[in-house]
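There are 4 protein chains.
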Amino acid sequence: MNDAVTEQVSNIMHEIFNKQGALQALGARIVHIGRGTCETLLPMSPAASQHHGFFHGGVIGTLGDATGGLTANSLMLPDYDCLAVEYKINFLAPAKGEALIGRGKILRAGKTLAVTSVELLSLNQGVEKLCAVMQQTVFAIEQK
Amino acid sequence: MNDAVTEQVSNIMHEIFNKQGALQALGARIVHIGRGTCETLLPMSPAASQHHGFFHGGVIGTLGDATGGLTANSLMLPDYDCLAVEYKINFLAPAKGEALIGRGKILRAGKTLAVTSVELLSLNQGVEKLCAVMQQTVFAIEQK
Amino acid sequence: MNDAVTEQVSNIMHEIFNKQGALQALGARIVHIGRGTCETLLPMSPAASQHHGFFHGGVIGTLGDATGGLTANSLMLPDYDCLAVEYKINFLAPAKGEALIGRGKILRAGKTLAVTSVELLSLNQGVEKLCAVMQQTVFAIEQK
Amino acid sequence: MNDAVTEQVSNIMHEIFNKQGALQALGARIVHIGRGTCETLLPMSPAASQHHGFFHGGVIGTLGDATGGLTANSLMLPDYDCLAVEYKINFLAPAKGEALIGRGKILRAGKTLAVTSVELLSLNQGVEKLCAVMQQTVFAIEQK
Numbered sequence: 413m414n415d416a417v418t419e420q421v422s423n424i425m426h427e428i429f430n431k432q433g434a435l436q437a438l439g440a441r442i443v444h445i446g447r448g449t450c451e452t453l454l455p456m457s458p459a460a461s462q463h464h465g466f467f468h469g470g471v472i473g474t475l476g477d478a479t480g481g482l483t484a485n486s487l488m489l490p491d492y493d494c495l496a497v498e499y500k501i502n503f504l505a506p507a508k509g510e511a512l513i514g515r516g517k518i519l520r521a522g523k524t525l526a527v528t529s530v531e532l533l534s535l536n537q538g539v540e541k542l543c544a545v546m547q548q549t550v551f552a553i554e555q556k
Numbered sequence: 413m414n415d416a417v418t419e420q421v422s423n424i425m426h427e428i429f430n431k432q433g434a435l436q437a438l439g440a441r442i443v444h445i446g447r448g449t450c451e452t453l454l455p456m457s458p459a460a461s462q463h464h465g466f467f468h469g470g471v472i473g474t475l476g477d478a479t480g481g482l483t484a485n486s487l488m489l490p491d492y493d494c495l496a497v498e499y500k501i502n503f504l505a506p507a508k509g510e511a512l513i514g515r516g517k518i519l520r521a522g523k524t525l526a527v528t529s530v531e532l533l534s535l536n537q538g539v540e541k542l543c544a545v546m547q548q549t550v551f552a553i554e555q556k
Numbered sequence: 413m414n415d416a417v418t419e420q421v422s423n424i425m426h427e428i429f430n431k432q433g434a435l436q437a438l439g440a441r442i443v444h445i446g447r448g449t450c451e452t453l454l455p456m457s458p459a460a461s462q463h464h465g466f467f468h469g470g471v472i473g474t475l476g477d478a479t480g481g482l483t484a485n486s487l488m489l490p491d492y493d494c495l496a497v498e499y500k501i502n503f504l505a506p507a508k509g510e511a512l513i514g515r516g517k518i519l520r521a522g523k524t525l526a527v528t529s530v531e532l533l534s535l536n537q538g539v540e541k542l543c544a545v546m547q548q549t550v551f552a553i554e555q556k
Numbered sequence: 413m414n415d416a417v418t419e420q421v422s423n424i425m426h427e428i429f430n431k432q433g434a435l436q437a438l439g440a441r442i443v444h445i446g447r448g449t450c451e452t453l454l455p456m457s458p459a460a461s462q463h464h465g466f467f468h469g470g471v472i473g474t475l476g477d478a479t480g481g482l483t484a485n486s487l488m489l490p491d492y493d494c495l496a497v498e499y500k501i502n503f504l505a506p507a508k509g510e511a512l513i514g515r516g517k518i519l520r521a522g523k524t525l526a527v528t529s530v531e532l533l534s535l536n537q538g539v540e541k542l543c544a545v546m547q548q549t550v551f552a553i554e555q556k
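Protein sequence lines correspond, in order, to chains A, B, C and D.
Numbered as in the numbering used here, the first sequence ends at 556 without a single skipped number.
Numbered as in the numbering used here, the second sequence ends at 556 without a single skipped number.
Numbered as in the numbering used here, the third sequence ends at 556 without a single skipped number.
Numbered as in the numbering used here, the fourth sequence ends at 556 without a single skipped number.
Source of the hints: derived by calculation from the structure; they are not laboratory data.
Keep in mind that a hint or two might mislead.
Which copy is meant is left open, because identical chains are indistinguishable; a pair holds if it fits in one copy or across any two.
Straight-line Cα separation of at most 30 Å, DSSO-like style, residue types lysine-lysine; simulated pairs [stated by the list, open to error]: (1) K508 <-> K556; (2) K523 <-> K541; (3) K556 <-> K517; (4) K556 <-> K541; (5) K431 <-> K517; (6) K523 <-> K431; (7) K523 <-> K556; (8) K523 <-> K508; (9) K431 <-> K508; (10) K541 <-> K508; (11) K431 <-> K556; (12) K517 <-> K541.
In this text, all values refer to a predicted model and were calculated from it rather than measured experimentally.
Here chain A stands alone, though its shape is the one from the complex (with noise of 0.2 Å):
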């Protein structure tokens, strides 16, 4: 099976992803788009840390939106964009490390709302730890 997105889909996903300002200031980046899966990286950086050194709590819900809204926008785009309606994130452990990594994938890929989960891992000298856990839903916005 292959579960590539088209180079068309990829290239809207990223254009979206590099024109948002929060991401860009957190230097967040696409690392792989799959039909319904993704992954995205967040380098540590004073921006991105709470008063113990520890990536944010709202640093580490941001990484996670954005990462389910892109698992989503994999099968909705390029026909509709996504908009997230709500999202809920239970902390499993402290983040700590050089980044963070977000892996999403889709739980319910509906026409007008879709839900996705996502899991957030601390990158600490090479060693991925599970940290955070979101489930998010999403709205679909046709694209003119």
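Assemble the complex: chain A is given as a structure, and chains B, C and D must be docked to it using the hints.
Leaving out everything else, chains B, C and D in the frame of chain A:
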């Protein structure tokens, strides 16, 4: 009734807030602290925006998370600091304008766990509009 | 301002409510319907309880889900019925007493999606106590 | 690796489960308990249904809440019992069929807080279909 926190608690709260790189990078600030309430503000900037120029959902979540934590800390400090266990946010309207306002109130002030509710409002040409709501759970960490 | 729903909408809401076996088995009932608000009541019974004799968390969630759906339906009917997309509940205190009260209000009344907020209160010897809060998203289904 | 719980823990879990009136009224039962995993089953009945004859969203939440609690208790008992702090459920598809299955796994097994993930599947003419997913936080209560 006097709902003000002590000067000591207010000082610790500002100190913790100012040490959080993620909040500093976004230019967020504390507007008011009461006992079990809190108001914050985050100005629009490229680092706060998504691709249509609205506030990014992850940034709205970040201000919500920070505001809820401050709300709980107003009752927990100086003996305990708090750590977010989880949060959930529903988006109600696109958040556009010159600033984002966070308003938190305490729903449960337990010895170990606190629950907060946070409203996020956009400030657009001086007009406030409710754009998201959050429920959050935090855990008390004893300070040495 | 007149916040009452029409008799037609009230009748459809009671009819839908009364056809839900889960709500009937629990003896739940509608106390009041406004435009974008709703109050419900569920009496204590073995079918509503957990092992300490309090209301079961799942039953509190069930009343919350039903109350939020009614709240949205008060603005959607007769053209649309609603379906829950997701809900999230935080428990604030053990729910003990003779009844559980659900109070819903609309946070967003969109064409396709609505967001509700529901407070769940225990009624113990006539005294109300907030025991849980819910945020819920519902989806509008066109009625033929 | 032996993932079975001790007979003592299994007995306490069944005892607690059987004392919960809400679960008894719905005919729910424990299918399997592992260390950090759990499977439950709830048969279709009028008490479990909504107005289209599907499983009621509140009942799906009830089975999810119970399954997550059992999952955490498999690691907490006999010294601690657990209490739900919050849960969040996303509905993926209408739940129709002869039974509902709950499958829980532990995401975080802390001393005070545990986080679980629960999948809810409908069993329709013997075919399983994922219909909802839950994230839940529980709190450990020391047993005297």
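Quiz item: Okay, which hints does this one fail, numbers in order?
Solution: Going through the list in order, the structure violates no hint and respects every one.
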